[in-house]
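Novice: Sequence:
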Amino acid sequence: MTQHISIRVPWHDNGWNGSVCNEPSCNNSCLRLKNIYENRKDEVEDSLCGQCMENNEDKLPCVGEGASFMSPVELSKTTIHPYKKSNPQTHSHFLETDIIYPAYSFPARPYAWLMKENTEYYSKLYNIKYNPDDEPQLKFKTTWVQEASNQKAIFDCFYNDVIPDQSLCVAYAKQVPFVEDSRRVVVAMGHVKKIIPAVEHAHTDEKPLRSMTWETMICHSIREDHEDGFVIPYQKMMEYAKEHPDFDISTVTVFAPDDAFAEFSYATEHVGYDAVIEVILSCIKAFQIINSCLDEDYSNVLAWLNARLAEVWKDRGAFPGLGAMFCSIEMPLGILIAKEIKENCKGDIWKYIDRVIDSPDDFLSKSLAENITPMVQKTWKALKGERKTLFHLLSRFSLTIQQAYVLFNRSERIKENIDCTDTEIIENPYVIYEKTRLKIDELYMSVKKVDMAVFPVKSVQEKYPVHVPSALTSDNDERRIRALAISVLEDEALNGNTILPCELLVNKMQDLVIKPECKVTQDIFNAIYPFLKSEMIKREMADGTEYYKMKRFQEFDDIIEKRIGKRIKASKHEIQADWRKMIDDKFDHGIKKKISENEERARQEKAAILDELAKSRISVLIGDAGTGKTTVLSVLCDESNIKAGGVLLLAPTGKARVRLMESMGEAGKSFEAQTVAQFLARSKRFDWKSMRYKLSNYDYRDVPETVIIDESSMLTEEMFGALMQSLKSAKRIIFVGDPNQLPPIGSGRPFVDLVYILREKLPVGKFPKVCNCYGELTVLRRQKNEEERMDVELSRLYTSSDKAPDEDVFSEIEKGNGSDHIEFVKWNTREELEEKLLTAIAKEIGMKDVDDQDGFDRSLGGNVTEKGTYFNFGKAELADKWQILAPVRNMPQGVMNINRLIHNKYRNHFVELSKRGYNRKIPKMFGPENIVYGDKVINVVNVKKDAYPEENALNYVANGEIGIAAGMFGKKSAINFLHVEFSSQEGFSYSYDKSDFDDESGTSNLELAYALTVHKSQGSQFKTVILVLAEPCKIISKELLYTALTRQEDKIIILYNDDPYHLFKFSSEEYSDIAKRFTDLFADVYKNRDGTSYKPQIVKVGNNFYEEKLIHRTAKGELVRSKSEVIIANCLFHNGIEYQYEAELVLDGKVKRPDFTIQDEDTGETWYWEHCGMMRNPTYARRWEEKKKFYEKYGIKEGKNLIVTYDNENGGLDSYEIENLVHDTFDL
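Residue 123 in this note's numbering sits at position 123 of the sequence shown; the count goes up by one each step and never skips.
Note that these hints are calculated values from the structure, not bench results.
Watch out, some of these pointers could steer you wrong.
Taking lysine-lysine and the DSS-like style, the derived pairs with C-alpha atoms no more than 25 angstroms apart in a straight line are [said to hold, decoys possible]:
1) Lys694 / Lys566
2) Lys728 / Lys643
3) Lys285 / Lys242
4) Lys905 / Lys881
5) Lys875 / Lys843
6) Lys538 / Lys551
7) Lys129 / Lys207
8) Lys921 / Lys994
9) Lys669 / Lys731
10) Lys1187 / Lys1150
11) Lys533 / Lys508
Please put together the full structure from these sequences, using the hints given.
Specialist: As structure tokens, then:
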């Protein structure tokens, strides 16, 4: 049997051709490999850019990682045993050893097989002659097998079935620069041509220990002519994408299969047939697109891939899971026995297996025959009827041993909540995908694996046909259609969509990389709907178009709609409180003061909102950043009756939880505060194992009268539904948040939907904005002393409103107005970005200059003394003093590169200290980012941990909590662990060790936090923010910019590679992530303000799809910013007047964008139309007058060539008046 392998390589910007990268220091993707991260010297590699690696190998850590696998020349690199220096007692006799990297070869290292924790598993599975007694007794703990004889035994087993000219080698990268995706990316594929075994480390005879170098050289067949293998031309496609901005490079990106993560991990690993087949199919699809984009002919690649596909299918055969199934009935060495059976069987395999098990000595080698024990024979003979049928069926699946054990044993299925019987699996094999799709990764069986099991190629099907009732009747058998439709809908849910129009569902199913294609139409969906109903439901949009939705999401939505619907209609609580007095006392401290008109409005709306929140059984509190949401909550919870009934504070992240608790003031200390996951785990509606939210019949009543959920825009529909079910005993539920922020990572936008249905009852133009169960804060209090904060004004450009935004804020900022709170810094090159970023940090945190190490340390709580700098506990609050944000992780302007830049500049001293083998005063560095003492870090996984001190400790760290690696310098108890104090849990420390850092899977619990993605910053506030932006960037959205622009308390510095006004375009709904989400929450129970159905309506504008009620679309089919602009645009359109919307007008070097530009080609006249929607706002009105004077300066005057319209006092526009204005102006 041929064994295929995966081999990890670092990203290379020059095609892995044996030369140094063209721009080495810009290659951030290769830094995902720890060896490169720790040892790459940017200045050295930059000096060698583009040169041949030959004679420079020892300067290039990437050579040892496979970066030169397409080198036409042999390379050589000197290595030394890694323990020689740190452990001379046992390893001092090892000498330098030259490792030869032949031309066109991969260095392969099966790391997982060499880990001591796995040796027992692999030894039992493959009968490896591993002898633990041969392992040396070391004075330190090591992860790895040490003795050469054991290492060689492992290598011999691993490569035993890797056959030259038959086995395929698939090269993959852990990270690439062109997609923001954590999945492995396949970069090349070819045949194994030759295997050059690893050699021993050179040594003297002084000590007995022997050890192998781990690099087995895999010579491959890949060449530039791609006759026998290929490199996917990603570098060329990146250039193509630059020249064609609408091209989506992800369409040619080949990802490793989602359920084959382990097969593409640990540097070198065996790859199963199903994973290879899926990779080949994805490559075929990618090269079909590549062939149509590039001038180079890749038709031979497609021919090669199809030939390999046939070969792999032949090797796979009908029963790739036979060995795992043998293991499931407790047959020792089941994998090897199945292999030998397949190699020797010439006829019907099942008859042959019966004979083998009955008389193993006659058919199997002695070492295997002895494993067919009498108990195995009895068990096999006892398998009859459905049990044997199921065994045969499951053997067709490419299973892990764990999957085989669980799926075949009914008690294990019950234990894992896989709710299906033997009969159900036999009658519909796709039920395996349907029932495991939400389970832990180890149990998940992808729909494509099921597809390959029951829909093999013709040659396999003819020899071993799938029998009734498991057999499919056609390529569009209803069982197959349902499973594939579920997989599409589940993928859509990860992207935020809980519903999908039937047309889009059909299109996405047809785009799936499967063979044969599943031919499906809307009529077919209608025909099999009775069969689909167990997993999905069909509904109609407002225009009658059908859409589909997972039944499991409807179950969550039913809870949400039922509970919220009843609470909205319920009678109000009786609360007698003088809210205005409580607000005045809060701000004035009992001393009567004269307040401004703006402050009066702020207090007036707060009092009205408090009254509504207190009396309502369900309510929302919304407002832009700086309007005082937390102030309202603190006053509410200080009311005696509410305080007496108890208050529970919930938030999606630990950071948001702490901020909410702090906002309560002294009263908040007596309230319980939890993350949503913590609370739902208590009520049995969150599973820590699978990290999924769920519904439950468990009657949980340990809930106080008032529950406040902050940062509600981060809640998915599952979280929202689970909360509503578990909070049924609460008297008062208040959802707090900002609907303009980023939508949740996951399904739906429930908070936005709830806000929308409640706001529909709000009278137009009403102040305060309060109606049943709804309160909206509108008066900004961040602008103290009536100052005009430009950072706040800029953020408001990216809010959702029926009023067109005020673009003149960019002009104000460019004039220098508001520089105390916002500043733009333009950059062009990576070097310039890094220079200006360091300068900005130094300036904002009070450093003398960029080289002021002490000043940097002090900004993070360092105690600078003559003996050195110490990071003691008690300074964690300084972690929030300043923060760098960026939209992306990759690229020079991404979080990874920025963190590395700062870490290398300001933490190099501690890195060197951490490397000491003796007299080490601080912990060793941890993880792929080399996190050390003094680093600013973020916890990225919800985790239960013991805290110190124990008293009043939370013993839990939530995703998103930020802190400082601190502790007692030099204490023995301190140097074995990295101790972190988080700003959200001041006074408590949590200990981290290497078990918290999985370099291979990328699931490290801690990451550097000098720079964070905007998504990660949600729920946090910082004194100063430095935002790094670069275009083009596909993930910048209206909500992302709003979220980024509202993280600072005092100031934001925006480093942007263009002029500021270019950011204005993102205020358009065209760039709204929220509007691009599809959901039907509340569709059946509410109507719009005008009485029309609240049903969803998904419409296409340009290349994107939007929820119609969340956008303003004109009759011409374009997106505008307000309802009033829709009226104007439609009037012009219906009267046959051509116009341009927001066309750039350059006057004296300044860019203006009139709402509408109308050019009369017959007369040569140009008219400009400006609509003013916020004239009651004094700032807006002042800016409009300034803009009008500016226009007049250049001959654009009202009554001559400028049309100006205004919203009426109710915030609307009379379409009849607009019609008359158009007729009068243009002589219609």
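Novice: With reference to the structure, classify each hint as holding or not holding.
Specialist: Right, here's what the structure says about each hint:
With a C-alpha separation of about 22 angstroms, the suggested pairing of Lys694 with Lys566 holds against the 25 angstroms cut-off. As the CA atoms of Lys728 and Lys643 are separated by approximately 19 angstroms, the hinted pair is consistent with the 25 angstroms bound. Of the supplied pair hints, the one linking Lys285 and Lys242 holds, its CA atoms being roughly 21 angstroms apart against a limit of 25 angstroms. Distance restraint check for Lys905 and Lys881: the Cα-Cα separation of roughly 19 angstroms lies within the 25 angstroms cut-off, and the hinted pair is therefore satisfied.
Restraint check: the Cα-Cα separation between Lys875 and Lys843 comes to about 21 angstroms, which is no more than 25 angstroms; the hinted pair holds. Of the supplied pair hints, the one linking Lys538 and Lys551 holds, its CA atoms being roughly 10 angstroms apart against a limit of 25 angstroms. This hinted pair checks out: Lys129 and Lys207 have alpha carbons roughly 24 angstroms apart, not beyond 25 angstroms. Distance check on the hinted pair: Lys921 and Lys994 sit about 18 angstroms apart at the alpha-carbon level, within 25 angstroms; holds.
Of the pairs offered as hints, the one joining Lys669 and Lys731 holds, with about 21 angstroms between alpha carbons and a cut-off of 25 angstroms not exceeded. A C-alpha spacing of about 12 angstroms is found between Lys1187 and Lys1150, which places the hinted pair at or below 25 angstroms, so the restraint holds. Between Lys533 and Lys508 the CA atoms are separated by roughly 20 angstroms; this keeps the pair inside 25 angstroms, and the hint holds.
Of the numbered hints given earlier, the model fails none.
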